[in-house]
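A.B. asks: Build out the structure end to end from the sequences listed, making use of the hints.
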Amino acid sequence: MNELIRQIRDTARRLLEERQVELVLGFEAGPLPLRNTPCFARSADGADRLTWDRACGLNLAVFLDGPARRIAILAKGCDSRAIVNLLKERRFARENIVIVGVPCEGMIDRRKVERRLGETDFDDARFEGERLVVRSGARTLELPVAEVLRDACRECAMPTPVFYDILLDGATARIPAAGSEAASPADRAERWQRFEAEAAKCIRCYACRNVCPLCYCRECCADQSGPRWVGPAPTPADNQVFLLMRALHLAGRCVDCGACIEACPVGVDVRYLFKRMEREVRERFGYESGRALDEKPPLAGYGTDDPEDFITDV
Amino acid sequence: MTHSVQDPTSKNQKSSAWQPRILAFLCNWCSYAGADLAGVSRLQYPPNVRVIRVPCSARVDPLFILSAFRRGADGVLVSGCHPGDCHYLAGNLAARRRFALLKALLDEAGFEIDRLHFSWVSAAEGGRFAELIHKVTEKVRALGPAQPLAKERRL
Amino acid sequence: MRRGTITREDLNELIRRWTAERKVIAPVRRDVVELSPVGSADEIAMDYSNTQLPTKRHFFRPSEVLLRFDLRAAPDRHVVEAESDADPTVLFGVRPCEARSHTLLDRVFLREPYCDPYYQQRRANTAVVVLGCTSAGPTCFCTSVGGGPNDHAGADLFLTEIEHGREAHAAIYLLDVVTERGASLLTGFDLPEADAGLIEHASRAAAELAATLKTIADLERIRTAAQTAFDDPVWQAICLSCVGCAACAFLCPTCHCFDIQDEVSGGRGRRVRNWDACSFAHFTLHASGHNPRPERHQRCRQRILHKFTWFPENFGAAACVGCGRCIRACPMGNDIRRWLEAIGKKV
Amino acid sequence: MTMDNKNHLHAPVPQDTRASTASVSSMPSLSPREQKPISNPYLPLQTRVETIRVETDDRMLRTFIVRFIRPDDVERFRYRPGQFAEVSLLGRGEAPIGIASSPTEGDALAFTIHRAGIVTTAIHQLRPGDLLGVRGPLGNGFPIERLEGCNLVIIGGGFAFTTLRSLAVYAMAPHHRGRFGRITILYGARRPGLLLYRSELREWQERSDIEVFVTVDAAEGEWSGRVGFVPAVTKDVAPGSDNAFALVCGPPMMIKYTLPILSDLGFPPERILLSLEMRMKCGIGICGRCNIGPKYVCRDGPVFSLAELKKLPPEY
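Residue numbers (the numbering used here), protein chains in the order written: chain L, 40 to 353; chain B, 3 to 157; chain V, 25 to 371; chain Z, 1285 to 1600.
Quick caveat, the hints were computed from the structure, so don't treat them as lab data. Some hints could be false.
[Unchecked claim] Keeping only pairs whose Cα atoms sit at most 25 angstroms apart, straight-line, the calculated DSS-like set for lysine-lysine is:
{"#": "1", "chain 1": "L", "residue 1": "Lys335", "chain 2": "L", "residue 2": "Lys151"}
{"#": "2", "chain 1": "L", "residue 1": "Lys314", "chain 2": "L", "residue 2": "Lys127"}
{"#": "3", "chain 1": "V", "residue 1": "Lys370", "chain 2": "V", "residue 2": "Lys238"}
{"#": "4", "chain 1": "L", "residue 1": "Lys127", "chain 2": "L", "residue 2": "Lys151"}
{"#": "5", "chain 1": "L", "residue 1": "Lys240", "chain 2": "L", "residue 2": "Lys151"}
{"#": "6", "chain 1": "Z", "residue 1": "Lys1595", "chain 2": "V", "residue 2": "Lys369"}
{"#": "7", "chain 1": "L", "residue 1": "Lys151", "chain 2": "L", "residue 2": "Lys314"}
{"#": "8", "chain 1": "V", "residue 1": "Lys370", "chain 2": "Z", "residue 2": "Lys1595"}
{"#": "9", "chain 1": "V", "residue 1": "Lys238", "chain 2": "L", "residue 2": "Lys240"}
{"#": "10", "chain 1": "L", "residue 1": "Lys314", "chain 2": "L", "residue 2": "Lys240"}
{"#": "11", "chain 1": "Z", "residue 1": "Lys1519", "chain 2": "Z", "residue 2": "Lys1594"}
{"#": "12", "chain 1": "Z", "residue 1": "Lys1519", "chain 2": "V", "residue 2": "Lys370"}
C.D. replies: The following block contains the structure:
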């Protein structure tokens, strides 16, 4: 057991024993390699199940408005930013949650591993320093961790939470890579092809929406039936409208935690749309999602001198 | 699993018979009145625009716009009061943020963004409205029938 | 049942013949292994664990036109039945669990007196060539639900690799002719009889593989869960981290719920059925606002009991083939095997 | 409960293209393009709206009398009381609606439709002469054969009275009346303006061969009839349970309080029949949303005996 896991368990146990919280949200080992699953720890026993490694890619903030009144949550940098946004949107009371910040080394993109293997199944995966060793049947593959990290993690500027109640000592926090937002093709038709190809994969299971802590509408526009804005059929146009609307509804709110990409069972990845929204919001409105609790969300207000470069003039 | 919903006769070719169908959301207080003035002043502009009157440009949810394209509009125009002139003080300023993001998003996705226009037309600007419709219609016409996002052009 | 041997080379020749006269859909390795129409045998992956998506979408489309209508036509011609696209097809190289799932879906879609014509036509026009398993994936539990690496249910032809060969084309397979339809695929092909030793060897290998698969305890007893554990808190406990998406249902080879919607534009339109799932809250929502299953644990319970209690009651087998896709697909890492074990302790 | 297969919308599946559920490997041989046309249970039959009657003073319920456009569809749609149909408006969708008419009333069908969702709201906009799709008849209906020779106690509340009306009219028809014993009808609504089929109820009350009790929760206007909740009136009237069936349809609260009274009156659960409502799509037991445990309301129901329901989970 490594030092970080020991800290996590100790902290969880203490919070539960001191009755500061009823529940600690963390991760425990999942049924499959590289798949830690949410752990709902309510006792010292539960706390001892908690674990941590580079396969804790889900965003636990999705459970914050649920199963208990006072909750402690283990939060990576991106998770803590999601919590900031949820607090701004008054989803729960600040005093009811204890944020346990976990410095993040970056999470594995399972899809990248699968693509390297050419299989969705692997029997075993373990970390050996900066290498990931994956076994599938008789094949063993050694991959440098850096190559199979999520793009979001490779580009993450805030891997260590900036908003927390307790910050665990993670001297291992990685140094963020230089910002390298994946460039989109300059050619419009190529961009459309890319989007069309991603949207075509979508089966409309809504895993992306449902794992997203910020996608909490009581009734999603994709489910509304009167009027029916987005058809429920996984047809090209309906998928495209769904994905575009999701990106738009998360503009200025998405924290690039990557949970939706991780969740997708068929590998739809439209992170670049979300990144474009992030960039626009930053450049146009000077706003960073989840940076500070006292910054007003850009779409909750307006500016008198916002750029008008997109306006058709005559 | 995909259904062919496109009409092969009206797609892929910019025949002279084809006329773009443009949906315009006009705010009740300025742009709709501007359109009215254009009509009263007998200004000529292309008949390709179908107008939906809305109380304010801020009433226009991006979902309306995507839905219009999904249902086969070739172009969409949203027009409201000039910044500072909003009947509801700042509706158009709030809308401006949303539209900026929508347009950037569609650009990123590779949608032909010249199909989507935002503008400001006041109640006194009948001439400007006619000019705007000329400009928008020509831009959309140049692009031909909309393909991306369109589902229900012909079922 | 006739049993012969066939080399990969001869198999490729057969596939070439099939592609000339019908559609051949087979596993193809892209990013991961996917079912896809193929033009030649070279594209087919024969060395794979399982495809990302199940074969049900071939018979039961994610979105399917049930009828078309034109409100401008004469009143008795408003409705036009959707044209069939059930082309003659060979579904080649699918896993035994997939073929088994077809036999389960048959029980629903072809149950008398109603017969789903869209499903029926595709089923009637599709031959299934199964590739028996020689290894098991980490989520496989087919033996727990009546299947197995050598399960012939739903197969028209059944292939078992008996010699891997140094190079791909050198592989040798045992070929079982399971049905008439399978035999018709071999018309004009001289299939050498397999010798008893080979058959013996293949079935021993399959049995050994089956023995390595962990079985789920108490699965039989779970059939009584609706009676004995319907109100048990176990349902709330297992579904704590379920977020209510449909990844499990849409990737399940046997889940078959659907929705029917009309799409219309300018007087013309179509009535379409789309996949739907019991995990969605609006699945059972009445127009009045009443919902028989408003809570998440009720919906999880529905999913489990439908598969392991009620489907067996109605159709004589669990609505599960143990492919394990739901385990892999679950974004929250829920594992149906753990769920079943937890429930099994309560019945 | 037995199902009358003769009544179904389409011909049986041809033997050679039918997959047996018993044996898993009996699919037919494959020959290119061999597709027999089979009748399609998803296709609606087109009807034309003949008459529309506003039933209640809140205008939320209307009765639509419709007639098939193709004369031979009448024969394809032979139904029994208690069955329902997927009523559809092309472009809007389908909604499951109980058949309010009785097969004894001729070729026209009646649907009394509550305006609730998208489809029913659109149907309420229809005018005489408009088209309405009808897919069915679906469901088991009331078990007429079992009811034969028995007394019928028909208890309805609010707008759930539609299929009970079908049964009542069926049983009262001259050539059927003799097949049943005493017929007692108890029907209630919240107030007089919400009673369905008011003029018909008055006619029934004139008849000597049936007993009709109409009640409202609260009187208003010129109402001179009974005032009281259906369960209370049931207790009051106390229909005998000897050789009798109780057929109950109504809102959940009415059912909840009526059932114990029926038990007290000596009705065994096997002889209390209820007709259920559930969200449905396919109507033929495939799409999976109207189940109560292993039973599909669309296919195994909508009529269940209380004895059957007691064996099912309380999820409806």
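A.B. asks: What are the numbers of the hints the structure violates, in ascending order?
C.D. replies: 1, 4, 9 and 12
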